[in-house]
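Peer 1: Residues per chain, in single letters:
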Amino acid sequence: MSRPTDPGRRRLLLGGAAVAAAALLGPRALAITVERLRGLDDPAQRLRSLVRHPESAAVLGRAYLAVNPDEASAPRLVALIAGSTDTADATATSLSDRIRAEFDAGELVRLDGWIVSRTEARLCALCALG
Amino acid sequence: MFVDGRSVTDGDVLEADLAIVGAGAAGMTLARELAVNGRRVLLLESGGETIDAATQDLCAGESVGLPYFPLEAARLRYFGGTTNHWSGTCRPFDAFDMESHDWIPDSGWPFGVSELDAWYPRAAEICAVPSNEWAAEAWVEASRFPALDLDPGRVITRVAQNVRRINRRFVRNFGDEIEAAAGLTVVLNANLVDIALDESAAGVERLRMATLEGTRFSVTARDNILAAGGIENARLLLASNSRYPAGVGNGNDLVGRYFLEHPRFNGGIFVPFDEHLDVRFYEEHDAGGSRIVGYLALPPEVREREELVDVQFRLRPMHPAFYERAADSPDGEAVRSLLGLTEAPGDAWEDLERVADDLTGWRRFIAFGAPAPVPWPEVAAGVATASDEEREALIPEFFGDIATLAYGQTIGNIAVAGVELSSRLEPTPNPDSRVRLGRERDALGMSRVELDWQLTRHDRESAVRGIEILGAELGRAGVGRLRLDIDPESDDWPADNAGGWHHMGTTRMHDDPRHGVVDRDCRVHGLRNLHVAGSSVFPTAGSGTPTMTIVALALRLAAHLESGR
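From first to last, the protein sequence lines stand for chains A and B.
Here the working numbering is used: the first residue of the first sequence is 1, the next is one more, and so on.
Here the working numbering is used: the first residue of the second sequence is 1001, the next is one more, and so on.
Calculated from the structure, these hints are not laboratory results.
Some hints here could point you the wrong way.
[As the list claims (entries may be wrong)] Only part of the chain B face toward chain A is listed, based on derived beta-carbon distances under 7 Å:
1. 1471
2. 1472
3. 1475
4. 1484
[Stated by the list, open to error] Pulled from the structure, derived: some chain A residues nowhere near chain B, Cβ distances all over 10 Å:
5. 45
6. 68
7. 98
[What the hints assert, rightly or not] Partner residues aside, some chain B positions facing chain A, computed with beta carbon under 7 Å:
8. 1154
9. 1482
10. 1483
In this text, a Cβ means the ideal position worked out from N, Cα and C, and glycines have one as well.
Could you put the whole structure together from the sequences, leaning on the hints where they help?
Peer 2: Here it is in structure tokens:
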């Protein structure tokens, strides 16, 4: 026997899901050109520009920083996300690859129930500090 | 032949070669197999040919553990038993389901799945399953919808087949045959109230029967089989306590313990990156001459590595509001009713009228007098030039709910805003999850049942970890992001946790009487002529539905009894 979810609850779930998931990177987000990124001066700003809905990302980002307060600094997060690579070059394809690798390796965090890669969580945290 | 137990004379003794208690899936299968070669079989059924309130009330009891359905709603007590209301979902056990695993205490059957594989093809026929093909790859090929492209080393797709509603009732499929069978007598309205042992206590001397009207009579048979369901089998053994307080077959305090039921609840939701992600393979649909539904699960190597019980995920896509409204509308219900997809079909003529009215609603937008009926020009232009998103809005606006549903199912892949995950688990065998005799008495003077359904911490940990593994794979594969909707830190089960009306394990099978109520041939330990049939003998339950395995085990038991004749 199966019991369908109440339609009202499904819509509420969906609303929350859409808001949060929209915050994260999807494959299309990383099609932003390197040239456009180079036009942004601040590395943190460059990375934030990759996130489709930074306000929503900030919600998840605050959850991340609540349990990782030592990372609550934009320069630190930039360093952790991009490493020694120039942030514009870092975002061309390598972030997407790194995110996939983190999912592959299980290097994941749970933010408000959402299962995301650590790099995604740090991008959200950067938005929270923006 | 059918006999009404209420017409039996008080004090009479009915004799047979074989007495079967319970005319559900197991009992009817056994009766059909064994009422041959001159064997006299009595099939004893508590209820009549249709449901009645007084008999159904005998199923009522108390639930003192995890929240559960009313026991008189989760079981049926009339000819055909639970086959009168089951969902029709079928899948056989896999090898892994029946093996012993270190991380699952009391797991393992006395034999492997190969022994049931010999019976599953016939069980599939009896259950009206069109195909004995269970490999997901074969169904993906047969289906017009793709499976999700996930790494099979992490998450797999499995397939269940759903028997069409019209074919589910065993009474409809086998009732006439049973009535005509020469050696078989079905005694309706006959309730087993006591299993009386012989002087040696090593055998059953007689079954004491009673009707709600007060008639008492006995049945004596060379062999006896309890096939009354996973809760009732245990209750009958426990209640037969005039000689031994613990009941019959209960020398090791195992009867009623290890009650297994499949927990199911909404474990999470995932949002796809591509709103047109096609998950229709995971919705019930026609493929290869059957009605199938795909679902996701963890492969054996992952379960072994992570030490998890079996976890499966049913996908429930959530579509934009316009489609959801059409699906929930009276027109949507009418379509489902006519297609036999709903539990409670409406009046067929009204449903037809509703569908016809909706389908002809387009006339409002047709320009008659043209060479052929064509839509008003502006309507045609609008639909033809619209974007996918606009078209999805125009179709319900102009063409009604039926067309909207048809568009979603055939022409277009309606946008998926999110996918709800219904988690279903294999329960760990737990001696503290049990059926007991309650304090209240029923109309026959027997103790009502008390159900104390319990799950283990390991079950819950498996539920959480299973969803995490799925979320990791959906992320790795670029499908989307998953949200876990059960609290990993809590010990409580989700508020929507419910069972599947699967009552199993209460007279579990084990060759050692210290660990089981019945042996590998379903014979009650210590009793030469009492067997048990049905899901109460399952030592483990997998995460899938039990009906095909119930029937396969009944066929196996019938063959065993026939060979020992």
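Peer 1: Now tell me, hint by hint, if it's right for this structure.
Peer 2: Outcome of the hint check:
1. A hinted interface residue such as residue 1471 (chain B) counts as satisfied when its beta carbon comes closer than 7 Å to some beta carbon of chain A; here the least separation is about 3 Å, so the hint holds.
2. Checking residue 1472 (chain B) against chain A: minimum C-beta separation of about 5 Å stays under 7 Å; hint holds.
3. Proximity of residue 1475 (chain B) to chain A holds as hinted, the smallest CB-CB distance being about 4 Å (cut-off 7 Å).
4. The restraint placing residue 1484 (chain B) at the interface with chain A holds, with a minimum CB-CB distance near 5 Å, inside the 7 Å limit.
5. At the 10 Å boundary, the C-beta of residue 45 (chain A) stays outside the reach of chain B, the nearest C-beta of that chain being 24 Å off.
6. Listed as outside the interface, residue 68 (chain A) is consistent with that label: its C-beta sits roughly 18 Å from the nearest C-beta of chain B, beyond the 10 Å cut-off.
7. Non-interface status of residue 98 (chain A) relative to chain B is upheld: no Cβ of that chain comes within 10 Å, the nearest being about 12 Å off.
8. About 9 Å separates the beta-carbon of residue 1154 (chain B) from the nearest beta-carbon of chain A, more than 7 Å, and the hint is not met.
9. Below 7 Å, beta-carbon pairs count as interface contacts, and residue 1482 (chain B) has one with chain A at about 5 Å; its hint therefore holds.
10. Annotation: residue 1483 (chain B) was flagged as interfacial toward chain A, and the flag holds, the nearest CB pair being 4 Å apart, inside 7 Å.
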